[in-house]
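**Q** As a plain string of letters, each chain reads:
There are 2 protein chains.
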Amino acid sequence: MVSKNQIKLITSLQQKKYRNEHQLFIAEGVKVIQELLQSNIMLEHLFVTESIFDTVPTAQKTIIKEADMKRISALHSPSSCLAVFHIPKQKEVVNNGLIVALDDIRDPGNLGTIIRLCDWFGVKQLVCSEETVDVFNPKVVQATMGSITRVQVNYLDLNEFVAQTPLPVFGTFMDGNNIYKETLPFEGILIFGNEANGISSALEKNIKNRIAIPRFGDLQQTESLNVATATAIFLSEFRRNS
Amino acid sequence: MVSKNQIKLITSLQQKKYRNEHQLFIAEGVKVIQELLQSNIMLEHLFVTESIFDTVPTAQKTIIKEADMKRISALHSPSSCLAVFHIPKQKEVVNNGLIVALDDIRDPGNLGTIIRLCDWFGVKQLVCSEETVDVFNPKVVQATMGSITRVQVNYLDLNEFVAQTPLPVFGTFMDGNNIYKETLPFEGILIFGNEANGISSALEKNIKNRIAIPRFGDLQQTESLNVATATAIFLSEFRRNS
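Going down the list, the protein sequences come from chains A and B. Everything in the first sequence is counted per the working numbering, starting at 1 for the first residue and increasing by one. Everything in the second sequence is counted per the working numbering, starting at 1001 for the first residue and increasing by one.
Keep in mind the hints are simulated off the structure, nothing from the lab. Values in this document were obtained by computation on a predicted structure and should not be read as measured data. Just to be clear, a hint being listed does not mean it is correct.
What the hints assert, rightly or not - Listed next, the stretches of chain A that the computed footprint assigns to chain B, with coverage defined by at least 3 CB atoms under 8 Å from CB atoms of chain B:
no., stretch
1, 110 to 118
2, 204 to 216
3, 224 to 230
4, 233 to 240
To be verified - Distance condition first, Cα-Cα at most 25 Å in a straight line; then the derived SDA-like pairs of lysine to any residue:
no., chain 1, residue 1, chain 2, residue 2
5, B, Lys1139, A, Lys124
6, A, Lys181, B, Gly1097
7, B, Lys1031, A, Arg215
8, A, Lys124, B, Gly1097
The C-beta atom is built at its ideal place from N, Cα and C for all residues, glycine as well.
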């Protein structure tokens, strides 16, 4: 059974304000929860509608009815499990390797896909402007498919961060240099801008290397790539010769 | 005003069965409708909640209330316009250029993103297995952001098509050859499989070139890329040296 107070707490975690207050977040679905359980992230409690996750101690697991799962789930079609985890302590960003930086990405699906791409391409650190969608938003957690456990995500003042880094800084712009003709370093900061407005002008001032994916179709048409698909191509280019 | 019969017809077009019966489809949002109006695709009727699209003849345009827009829209938050267009006649597939082939892609967002990528990379023809989600599904039309007017999409027996083509055939597999080390032709068929099951075994038999995007992260982790982000990387590789 789930108590009224539990329902209230769990559904409140769909909002950033309450996630911060309680330092808890929710994850749904077998694959994501499995990956989180295998990571360093601490489980608070697990709710299941059938007997799965046998290794989780009974004190931390409650079998509930599907009707109750519907009441606590953030999903349209709830799965068989929902877990509440503790938000891990944020580690310091270290200026090494390839670091992806996001300037106000707002769509949870985009952030989730970008985290998955970082994981695939061995990018260990992702830094986000304070306005970027929260990584513990349930839709982001869902979209990462577990990659959230392998990529460190920090929220910080992106202008300050970019101003202090000794690493080469790359920004993605529609009018940037052809990425296929650039010599790309193994270490660096790679910045992507907001879905509608791109990289902010304040940040732009500190970016020396402007890069773009050339368009191969009919040049009369104005069109842009979605930020997540653009991230796929840029990360592929940074990694393909390494 | 929108009549009851119009509401019935328009909402029925959310289903493939009725799109086929009437040979009509719907598009929503200024950008998508604008691109469709500029293309060869024929407008049946346009519904707007404010005075936009001044070039459309009044006989083909009706100004309606927001409440009526809500009744005909397929969107959660309707925009200021919804248009009904005629499904264009399917042209024959021509065996030239780079052709993308989809084997049972089910997610409308994925198909929409893939069409947008084809447009970006100058791929003029997309062929889909009969089971692939319908290109005139409103969610697909939406996700293409107008690219639907520049990429020809054909539904056909993919096994037959692949068996007859004189072009080199490439299939994407988890265990394929490293795409970064392959010499890629300018013309060819590039096949992507279903989100959960990949390329069907029947089709696999006719595929000589098996390719994959290598994983750069921790190799112990099993993880895959979403088909739309994988398409971005493969198309980039086929085009980057051209």
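**Q** Enumerate the violated hints, using their earlier numbering and listing them in ascending order.
**A** 5, 8
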